[in-house]
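Enquirer: Respectively, the protein sequence lines represent chains B and P.
1638 is the number that this note's numbering gives to position 300 of the first sequence; each next residue is one higher, with no gaps.
340 is the number that this note's numbering gives to position 233 of the second sequence; each next residue is one higher, with no gaps.
The hints are simulated quantities; they were obtained by calculation from the structure and are not laboratory data.
Please note: incorrect hints may appear among the correct ones.
Calculated pairs, PhoX-like style, for lysine-lysine (alpha carbon to alpha carbon, straight line, at most 25 Å) [as the list claims (entries may be wrong)]:
id, chain 1, residue 1, chain 2, residue 2
1, P, K479, B, K1550
2, P, K143, P, K340
3, P, K462, B, K1550
4, P, K143, B, K1607
5, P, K474, B, K1555
6, P, K364, P, K377
7, P, K136, P, K490
8, P, K474, B, K1607
9, B, K1551, P, K222
10, P, K597, P, K431
11, P, K295, P, K262
12, B, K1607, P, K133
13, P, K136, P, K364
14, B, K1555, P, K462
15, B, K1550, P, K295
16, P, K490, P, K479
17, B, K1607, B, K1639
18, P, K429, P, K533
19, P, K136, B, K1551
20, B, K1607, B, K1555
21, B, K1555, P, K479
22, P, K364, B, K1540
23, B, K1607, P, K462
24, P, K462, P, K429
25, P, K563, P, K429
26, B, K1540, P, K533
27, P, K234, B, K1551
28, B, K1540, P, K462
29, P, K364, P, K563
30, P, K563, P, K597
31, P, K340, P, K367
32, P, K377, P, K597
Derived coverage of chain B by chain P (criterion: at least 3 residues anywhere in the stretch with Cβ under 8 Å from a Cβ of chain P; other residues may be distant) [what the hints assert, rightly or not]:
id, region
33, 1529-1540
34, 1545-1555
The following residues of chain B were derived to be distant from chain P, with all beta-carbon distances above 12 Å [unchecked claim]:
id, residue
35, P1368
36, S1455
37, C1495
38, L1511
39, I1521
40, I1522
Just so you know, even glycine gets a beta-carbon here, dropped at the ideal spot from N, CA and C.
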Amino acid sequence: MEQIKKLIKSTDAIFWFLIVFFIVSLIIVPGFSKTSTIKSVLSQSCVLMTLACGVHLTVLNGGVDFTSAALLALTSVIGGSIVSTNGPFGGSAAGIILGLVVMMAIATGFGALNGFSIVNFKMPSFIVTMATQMIANGLAVVYTGGMTVTGIPDALCHFGSGGFGIIPYTLILALAVAIVLHIILSRTLFGRQLYAVGTNPKVSQVSGISVKKTIFKAFLISGICAGIAGIIMLCQMESGSVNFGGTMFNDIMGSIIVGGTSPAGGRGKIPNTVMGAILIAMIGVVFNILNVPYYFIILIKGLIILVAASIDIVAVKNSNSH
Amino acid sequence: MENLKENQNEYILQLKGIMKSFSSVKVLKDITLTLKKGEILGLVGENGAGKSTLMNILGGIYQRDSGQILLKGKEFEPTNPKVSGEAGIAFVQQELNLFLNLSVYENLFITEMKKNRLGVIDKNTMKKITQSKMAELGVTDIPADALVGSLPMGKRQMVEITKSIMRNAEIIIFDEPTTSLSNTEKIKLFDIMHKLQAQGKSIIFISHILEDIFAETDEIAVLRDGEIISQTKTSDTNTNIVIKQMVGRELTNIYPKCEKTVGDIAFEAKNICQAGRFDNINISIREGEILGVFGLMGAGRTELLRCMFGLDPMTSGHLIYKGKEITPVTPQNCIANGMAFITENRREEGLLLPKTLRDNVVLANLKELASKMSFINTAEEKKETDQMVEELSIKTFDASRQVAGTLSGGNQQKIVFAKWVLREPKVFFLDEPTRGIDVGAKYEIYSIIQNLAKNKSCILMVSSEMEELMGVCDRIIVLSRNVITGEINKGEFTQELIMKYAVGGTK
């Protein structure tokens, strides 16, 4: 009994929120228990999950990363055009590999650009990433002239829509990213440094941690995650488009905050952000099935985020007191 | 202000049987305290004795578990700070509650801005009232529209005090008000305290500096382990008695005796220059030597340490340890070469307050705890933390769960020491290592410092307390306006000589 009590106390609010919402949906929403619906939820959470995990690192530092969502557009159109059967490689394996590599390079490059600018020019991440987001979006539009990229090879499409029964292949990739990041944050030197810098950069510097290197790495990793998310998006949507990721920023921050990570920085675990992403995706699917109008969905999402975040903050306050 | 004809002996505040626990820790066991109208009551006690908790209860920030509070003979419930404020209790906290980005008059009127007939904010009236209130306290050199952030600590404190009389406070509590003040500012502060007393206000003065307590108070109450051990007239007691009551044991020595040998010169800072400030400063420290640095406010002591540790830029200069130059001069490199820096600001630069003790203790040693694959060895981490907690006698209920921000000042400082001691550095820079720490914990910190010296470290210690330097150091250099004006060896320490160099006289 003691063990169970301990487990309940140490589990964060988001977990219960997710479970409750899931169960209520199973009961109330028609067709929710169908495997295809569940698979859809899991599928739709993949891109969000991967992006949110990357941005999570930047939020730990008290910052933001607006670029991630925009990189979905840029990488999907450039990568898409390289892998495409209508493209220069005719959909061959070489083309696929090159395309994926280019996508990762672009995303990582933007991550590095963000990190470099923030650290060397001492500009707030808010401004830097907003600027690079606009650059990324602009480049995507210029590259395609607004046209959608099609002709994505079967191999990639299969990856995007197939799975082991109810578990999509893309989910496995997304979860792999989450697991790696979780291990990095909770068990490695860099993880400790990031939490320390996010809590108090002055103290960290006096204690010998390179604040600059730590912040740079955080934004670099966020870029890498955006690249992976772009690949997932390309495979799931079987196309590349400048419209990808358009309104996703709200969902990204929503996943992170509803998971209980403080925007002020210094604390917050990856698994919570993962659960937050699944919850946000679930909300989207559920309200779609219920034919709720789009603007109403946004309202509900906002309310749920507000409630979940307050519960968690109160819980943290109580456990930290005195 | 109500003008009751009150008997001078009437109590304005009475605390009976106050108890308070946090989780299972009993912080206040049975507090019984009285404050007479128009009296200055000194409250002394070790850190962790419960002073802050008691004051926070009076101020409505914490709620007591049981006990009675009587204000002017009537039951009083300080349910929150607003209630407490309206009842006439004002706090001048150690960490001032001022908005640095607002002006003086805006800070004073922040809760109730004055408006003119049109409903628009009336700046002129507010400024006039501000000036007159400050004048009542004898403060005439602070402009009402000055940005608080631009004022030095002493003047900021004056603003805070003015805030309390604006709200017609009858009881004013000063919590360690002198820690950031220069001597002239201190004198001014006590002057104001007595002026307030003359106006009929009652004052509780919390301080570690017994010299000040004995000079300024009418009664002294000693708090130890959550109980008021004694409350007596100041004239009926003396320093030795009070120290014994605070600590519960005879403290025959304030400064520990140390048997050690001082070796050859091991650390040298040569020709340290910083554009606009330092011009060829030279310092050398022997193995096992504790070198004190004294200077008045603004002399450049902290700036010198920061410069030599790479936190502020060094235009030119060399740091050499045992013949090997430490270059480049950056915090990481200095640390890697066996240097350590305990800053004067533990809350802002020394500790991650919301993180656990363990997180803080290992903070400077993370790289060493990481394996080749970068994984942190948590078992080793626990071992090191426990070792430090034991070695430095740090009071905590669980180092892996207690958050640094909840520790007493003395214990917090020990955590900062632990962080560095863990790395076994050979060169220590200490900036005001015992600031805001009580007598008992100070002794423990001095012992820690002496032990480090015994183990052949070179120690550079900055302090504003002359007596402390004289009691602990082997040699003292004096800084005045960014220049070393004097150097004195142990046998020749005198207060007059040190002060002479500090105000600018040279050898």
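Enquirer: Against this structure, judge whether each hint is valid.
Expert: Hints, verified against the model:
| no. | hint | in the structure |
| --- | --- | --- |
| 1 | P/K479 to B/K1550 | 22 Å, holds |
| 2 | P/K143 to P/K340 | 12 Å, holds |
| 3 | P/K462 to B/K1550 | 21 Å, holds |
| 4 | P/K143 to B/K1607 | 53 Å, violated |
| 5 | P/K474 to B/K1555 | 16 Å, holds |
| 6 | P/K364 to P/K377 | 32 Å, violated |
| 7 | P/K136 to P/K490 | 34 Å, violated |
| 8 | P/K474 to B/K1607 | 22 Å, holds |
| 9 | B/K1551 to P/K222 | 51 Å, violated |
| 10 | P/K597 to P/K431 | 29 Å, violated |
| 11 | P/K295 to P/K262 | 10 Å, holds |
| 12 | B/K1607 to P/K133 | 33 Å, violated |
| 13 | P/K136 to P/K364 | 35 Å, violated |
| 14 | B/K1555 to P/K462 | 22 Å, holds |
| 15 | B/K1550 to P/K295 | 44 Å, violated |
| 16 | P/K490 to P/K479 | 20 Å, holds |
| 17 | B/K1607 to B/K1639 | 21 Å, holds |
| 18 | P/K429 to P/K533 | 10 Å, holds |
| 19 | P/K136 to B/K1551 | 49 Å, violated |
| 20 | B/K1607 to B/K1555 | 18 Å, holds |
| 21 | B/K1555 to P/K479 | 18 Å, holds |
| 22 | P/K364 to B/K1540 | 35 Å, violated |
| 23 | B/K1607 to P/K462 | 15 Å, holds |
| 24 | P/K462 to P/K429 | 36 Å, violated |
| 25 | P/K563 to P/K429 | 12 Å, holds |
| 26 | B/K1540 to P/K533 | 23 Å, holds |
| 27 | P/K234 to B/K1551 | 48 Å, violated |
| 28 | B/K1540 to P/K462 | 15 Å, holds |
| 29 | P/K364 to P/K563 | 16 Å, holds |
| 30 | P/K563 to P/K597 | 18 Å, holds |
| 31 | P/K340 to P/K367 | 43 Å, violated |
| 32 | P/K377 to P/K597 | 23 Å, holds |
| 33 | 1529-1540 | holds (count 8) |
| 34 | 1545-1555 | holds (count 4) |
| 35 | P1368 | 46 Å, holds |
| 36 | S1455 | 22 Å, holds |
| 37 | C1495 | 37 Å, holds |
| 38 | L1511 | 23 Å, holds |
| 39 | I1521 | 8 Å, violated |
| 40 | I1522 | 8 Å, violated |
Comparing the model with each earlier hint shows violations of hints 4, 6, 7, 9, 10, 12, 13, 15, 19, 22, 24, 27, 31, 39 and 40; every other hint is respected.
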